[in-house]
Amino acid sequence: MKNVYTRLLSLILLLALVLTGCGQPASTPAPQEPKPGETPAEQPGGPKYKEEIVIAIADEFTTIDPMETTSESNQLVQACVHTLLTNTNLVTMQNEGFLVESWEMITPDHWRFKLKPGIKFHDGTILDVDDVLFTFERGKDKSTTSAYIAKFKEVKKIDDLTFEVFLHDGDVDFNYVFAADSLAILSKEAFETMPEEEAVKIGTGAWKFEEFQSADYVSLVRFEECTLYEVPKTKRLVFRMIPEASSRMIALENGEVDAIMSPSPTDYSRISESEDLKLLTVTGRGQHFIGFNLANKNSIVSNPEFRKAVAYAINKEEMVMAAWDGYAQVSTSIMCRDMEYYADIDGIPYDPDKAKAMFEELGAVGKTIKLITSDAAHRVKMAENFQAQMSRYGITVNVEFVQQAALIERLQTPNNSEETFVLSWTPGKNADYMFRNPIHSKGGRSFYSNINDPEIDALIDAAAAETDRDKRAKMYEDLQIILTTEVINWVPIAQATLTMGAHKDVEGILLHPALVHQFRTVERIIE
Amino acid sequence: MIRYIVKRAVMMIPVILAVSFVVYFLMDLAPGDIVTSLMPQDATEHEIEMMREEMGLNGPLIERYFRYMKNLLKGDLGVSLSMKRPVMEVFLERFPNTLKLAFWSIIVAMIISVPLGIAAATHHRTWVDGVSMIASMIGVSMPAFWLGILLILLFSLKLGWLPSGGSSSFKSIILPALTLGTAQAGNLTRITRSSMLEVIRQDYLRTARAKGVSERHVIYKHALKNALIPIITILGSTFGNALGGAVVIETVFSWPGVARLTVTAINTRDMTLATGCIIMFTIFLNLTLLLVDIAYAYVDPRIKAQYSK
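Line by line, the protein sequences are chains A and B.
Each residue of the first sequence is one higher than the one before, starting from 1 at the first, in the numbering used here.
Each residue of the second sequence is one higher than the one before, starting from 1001 at the first, in the numbering used here.
It should be emphasised that the hints constitute simulated quantities derived from the structure, not laboratory data.
Treat the hints with caution; some may be incorrect.
As the list claims (entries may be wrong) - Lysine-lysine pairs mimicking BS3-like chemistry, simulated, CA-CA at most 25 angstroms apart:
no.: 1; chain 1: A; residue 1: Lys278; chain 2: A; residue 2: Lys235
no.: 2; chain 1: A; residue 1: Lys367; chain 2: A; residue 2: Lys381
no.: 3; chain 1: A; residue 1: Lys140; chain 2: A; residue 2: Lys114
no.: 4; chain 1: A; residue 1: Lys120; chain 2: A; residue 2: Lys156
no.: 5; chain 1: A; residue 1: Lys381; chain 2: A; residue 2: Lys308
no.: 6; chain 1: B; residue 1: Lys1084; chain 2: B; residue 2: Lys1070
no.: 7; chain 1: A; residue 1: Lys278; chain 2: B; residue 2: Lys1158
no.: 8; chain 1: A; residue 1: Lys504; chain 2: B; residue 2: Lys1158
no.: 9; chain 1: A; residue 1: Lys140; chain 2: B; residue 2: Lys1084
Fair warning: this is a prediction, and the values are worked out from it, not measured in the lab.
Go ahead and model the full structure; you've got the sequences and the hints to work with.
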């Protein structure tokens, strides 16, 4: 018996040794543990910078290939390594040339682009039009890019740095297409000389891909020969995956990480009041709203007067306090504030007396409507607050919470019997995107309100084709007024504040309203 | 004995088939669509259809299931719909971490529960017994995520001794293993106590005491060996519980294991990844139970004799 136990004990110890050895390679560098004595980056005569910055992200990074996924955590890292032809300048919020020096709309269906000269890829090759053409060719069959490439009738190389695009249909906002994150330009030569999984790591960004440990961290090193941007002062940038908000907060407080994505709203004041930390904020582009299914003719929500009464009835300030603890900007228009052509319209103001009178006139008092939404914390709170507010007018709201995937499936089911829903819409980068996908009957997923209004479709199409800026601005203003105050497919509630927590001396993080924050110049002075 | 092992291995086949069938069909029945989960909000119908085609989700369910099973027989678990990587590769990359966590949590559980269970049994109906049972109840009842956060606050934030998460060094596993182990220890303490209580009332121990053998010798030399036999039996299921409990722990401690991966796959409706992970879990759990049975046969001469016949 003694021998048996000795053997079992030996076996357990052996297993322990084996298991301790497996999982992570012994040479794996620690993502970040505070290194008090570390050598700062050399900056003669200037301040000393921390060599490694660690950012805690909530979701998993899975791939550096920009054409594979469109998840925010992937795009965040991809944007450090790869560069787009055009993109939003996060300071001016305008669409500007990143890899392109200039562009010209010859006609709405014929565009000319000129690349910046001497841009170096991480493999040392210089960017030219062949790389652009190669990227478009690769994107033809990828689900994330095929719709963009399908717009092209022909792409013609004029010289090494100039190319022209001929479109099937005119698009006065075509420069925004090149700002799609999945259309980052890849190196043709890298794909010809390396395996695909290595070639996708080669970009023109300020950071070079270094290492990826699945579900743990992804590390980048600064691109010393970067010709497109200034070389970062930080040597290494690590994105550590910490799914739990409270764990991210603790990691920030104890110095394991320098900044955290999406802190819990309950920690906002803790971060703001801390002497060592700061809260970075930007109004997000996501428009959160109470939506109506206009196609449900059996429901009172199909009556525009009822929808208008609901719009008068909702105290948006109260809902913002309930759902985001005040960290959101109340919306008056269905269009998102940071977008070009946003018109600062009054919308439908909070007027409980008017709402009450309208509900009574419509015979809505005592009625029950149903609302469906996902189990995301802010949506749950929005739904509960909506339920509470409507009960003050004698209207019962039955709320159903489901998983996001189930919610989308329910709302997409043809002829569904849903009445109201809590959802949000984060549009792409131009005004046409804002309206076409959620509103236009042939737009995209039609965003579940099922408007199907030919006049609105025509207005969206006309605005997209208008080359005169002033006329176009008027069209988008009209669209906002019609949709927000007459059609009322959504009652826009608020654009939530996007946040990051960071150590006080971390600089250079630019927050993006659609979450693809920029870390090109992130640095932390330590002396 | 070899016949027994082969028999047990063959019995795993219907279990795996049943599990794969249930998981695959349940995943399909669950509301929600992987394609709409993965595509951006502004994706067009064309992009969505293209993605569906790319993922091979356009055929009838039964056809897809048989194709999946055919590939499974060749050891191919398919490609993750969300990660676009072979499921086997992703699983094998993460599984050692979960295994490591489950193993160390059991070690922690044993270190806590065996002495506590012995103390409770040998001091039956005294304050020691009471304290041990209250402690085990607390261990069973305390939510793992809450204990995890408390431990992080104490050891990582206040004392700064241990990292709050990740898997970069051996220090990283201490808090997750302690959290998961404490939850397992509650049950193990109760089983050790009852097993020990049963053994210490046996005649052969009374005889040993009558012969003048010291109490310490009686307990640790004679009683413990026999009391541990049932504990070994439940170690297999405890290991399974540890794998299941790892979901919460892996999230709280950012531990890059396979349990979190499976839950993420279910939430995003990544059918191939979720099914693949669950099938691999099933195989591993069956193998663990088999190993426990073999170990049981080795430590209990009566069972060994039964197999010899």
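Now the hints, each set against the structure:
Straight-line distance between C-alpha atoms of Lys278 (chain A) and Lys235 (chain A) comes to about 23 angstroms, which keeps the hinted pair within the 25 angstroms bound. For a cut-off of 25 angstroms, the pair hint linking Lys367 (chain A) to Lys381 (chain A) stands: about 22 angstroms separates their Cα positions. Annotation: proposed proximity of Lys140 (chain A) to Lys114 (chain A) holds, straight-line Cα distance about 22 angstroms (limit 25 angstroms). For the proposed pair Lys120 (chain A) and Lys156 (chain A), the alpha carbon gap of about 23 angstroms is at most 25 angstroms, so the pair holds.
Restraint check for Lys381 (chain A) and Lys308 (chain A): satisfied, since their Cα atoms lie roughly 22 angstroms apart, inside the 25 angstroms limit. Annotation: proposed proximity of Lys1084 (chain B) to Lys1070 (chain B) holds, straight-line Cα distance about 20 angstroms (limit 25 angstroms). For the proposed pair Lys278 (chain A) and Lys1158 (chain B), the alpha carbon gap of about 20 angstroms is at most 25 angstroms, so the pair holds. Between Lys504 (chain A) and Lys1158 (chain B), the direct Cα distance comes to roughly 20 angstroms. Compliance with the 25 angstroms bound is thereby established for this hinted pair.
Between the alpha carbons of Lys140 (chain A) and Lys1084 (chain B) the distance comes to roughly 18 angstroms, so the proposed pair stays at or under 25 angstroms and holds.
Violated hints are absent here; each numbered hint is respected by the structure.
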